[in-house]
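With these hints in hand, go ahead and build the complete structure from the sequences.
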Amino acid sequence: MTQANSVETSTPTPQKQRKAVALISGGLDSLLAAKVIQEQGIHVEGINFYTGFCVEGHTHAIRKKDKDKQKRNNALWVAEQLGIKLHIIDISEEYKDIVLNPKHGYGANLNPCLDCKIFMVNQAQAWAWAEENGFDFIITGEVIGQRPKSQRKETMPIIARESGADDRLLRPLCAKNLLPTLPEREGWVDREKLYDFSGRSRKPQFELAKKFGFDDFAQPAGGCCFLTDANYSAKLADLWEARGERRYELDDIMLLKVGRHIRPKPNFKLIVSREEGENNFLQGYKKQFTSIHTVSHGGPLTLLDGSFDKDDIKLAAQIVARYSGGKSANAVTVQIENFNGTSYVMDVPPMPAHEVKEEWHV
Amino acid sequence: MSYKHSLDCSNLLCPMPVIRTQNALKELAIGDTLEVICTDPGTLSDIPTWCRINQQEVIDTKEHDNQIIFIIKKTAN
Ligand code: SF4
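Protein chains in written order, with my numbering: chain G, 1 to 362; chain D, 1001 to 1077.
Honestly, I wouldn't trust all of these hints.
For lysine-lysine, the following DSS-like pairs were computed, each having C-alpha atoms within a straight-line distance of at most 27 Å [as the list claims (entries may be wrong)]: (1) G:LYS286 <-> D:LYS1062; (2) G:LYS193 <-> G:LYS203; (3) G:LYS85 <-> D:LYS1026; (4) D:LYS1062 <-> G:LYS85; (5) G:LYS287 <-> G:LYS257; (6) D:LYS1073 <-> G:LYS85; (7) G:LYS327 <-> G:LYS257; (8) G:LYS210 <-> G:LYS19; (9) G:LYS85 <-> G:LYS210; (10) G:LYS357 <-> G:LYS257; (11) G:LYS19 <-> D:LYS1026.
From chain G, some residues computed to sit far from chain D (all C-beta separations above 12 Å) [to be verified]: (12) GLU184; (13) PHE217; (14) ASP312.
If you're looking for bench data, these hints aren't it; they were derived computationally from the structure.
From the three backbone atoms N, C-alpha and C, an ideal C-beta is built for every residue, glycine too.
As structure tokens, this is what we get:
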């Protein structure tokens, strides 16, 4: 009998196509992890969480002198490379609790990496079940032995356990060093085709990237967010100290990324723009803050944050004058605008450079 | 021309304008257009990229003063 499909041949029951949500940070590891799983015929969609502290865009976008530099959002770029949908979720409100009260503590700076990862996996799962119902598992690009803290081997089970994702959290790049997860045991993915990367060397990732034909991927020097940055963390700590409580709004953490922050007295600080892009950005805050700008000379726009009296405003105006084109003039005319729209002008002598104390710079 | 569906993302930094756009489009029907007003120059790259990967169509982009205005047509769910 030559018929190809004889009646005796049992047609295999078609396997349900499994769906995975990949946590896309924008870095190479999340790109590779998602690709490895995609290659196994799994339907992958990406999810990216916005905490308010993400490095993406932001300061690069604000500062005009960077205008020519590419300002792509790496998570979007990764999704485009993979040809997958990307859902960006604003978790900045819920995330506050992680930053303010991390159960597992902070890393080197104010980065609550372990709690952050648990939270994100949790969110991804909750989101997947609720929104799409039918996503079978979660993928992350974590590799043992790499920074941040949540990528160390001993913390891996904590993330899976506490996130509630348990068995459905697959880390394709280091899966072979870990116990098989549900997607492996069920045969949705072939464990043999997963990886056993470990350690700090990035070589295996680069080789895999080459194999897949990816180049031009982002290689962030620090972590994925501003909280790993020592200067940024110092500014955040300063803000909490000045307010006498650990609290922040989204605007606060945006403004920590912009301008020079100078605190001449504990009760207030100046946010002085450094160039045109920052100037434009700070303009948007004039209805929320008292602002100072120079009239007689070219100069930066400055916001005042905190509580201040007349003498404080004069002191601030002198500092602003110091950063203006009139820094060597006898007097500089500045305009003070209250957030309610009222304004007045005053002439002040610019503060001599040596009087702007080093410790005022936050 | 004024658009029935308009979203003001002035002073918001990426990715907030992208998130707002994504969420606003969810509420619209296929074929509807949405005007999105932005000030972050990063949106010039991010909004079209987001639209491309999620199969939405940017039908116009205008820049004047410090504003960037996108007109987006919802073409997929
Ligand atoms: S560096 Fe990454 S893991 Fe750590 S707190 Fe920031 S976003 Fe979370």
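We went through each hint and held it up to the structure:
no.	hint	verdict
1	G:LYS286 <-> D:LYS1062	25 Å, holds
2	G:LYS193 <-> G:LYS203	18 Å, holds
3	G:LYS85 <-> D:LYS1026	14 Å, holds
4	D:LYS1062 <-> G:LYS85	26 Å, holds
5	G:LYS287 <-> G:LYS257	19 Å, holds
6	D:LYS1073 <-> G:LYS85	17 Å, holds
7	G:LYS327 <-> G:LYS257	25 Å, holds
8	G:LYS210 <-> G:LYS19	26 Å, holds
9	G:LYS85 <-> G:LYS210	23 Å, holds
10	G:LYS357 <-> G:LYS257	21 Å, holds
11	G:LYS19 <-> D:LYS1026	21 Å, holds
12	GLU184	29 Å, holds
13	PHE217	15 Å, holds
14	ASP312	26 Å, holds
When each numbered hint is compared with the structure, no violation occurs for any of them.
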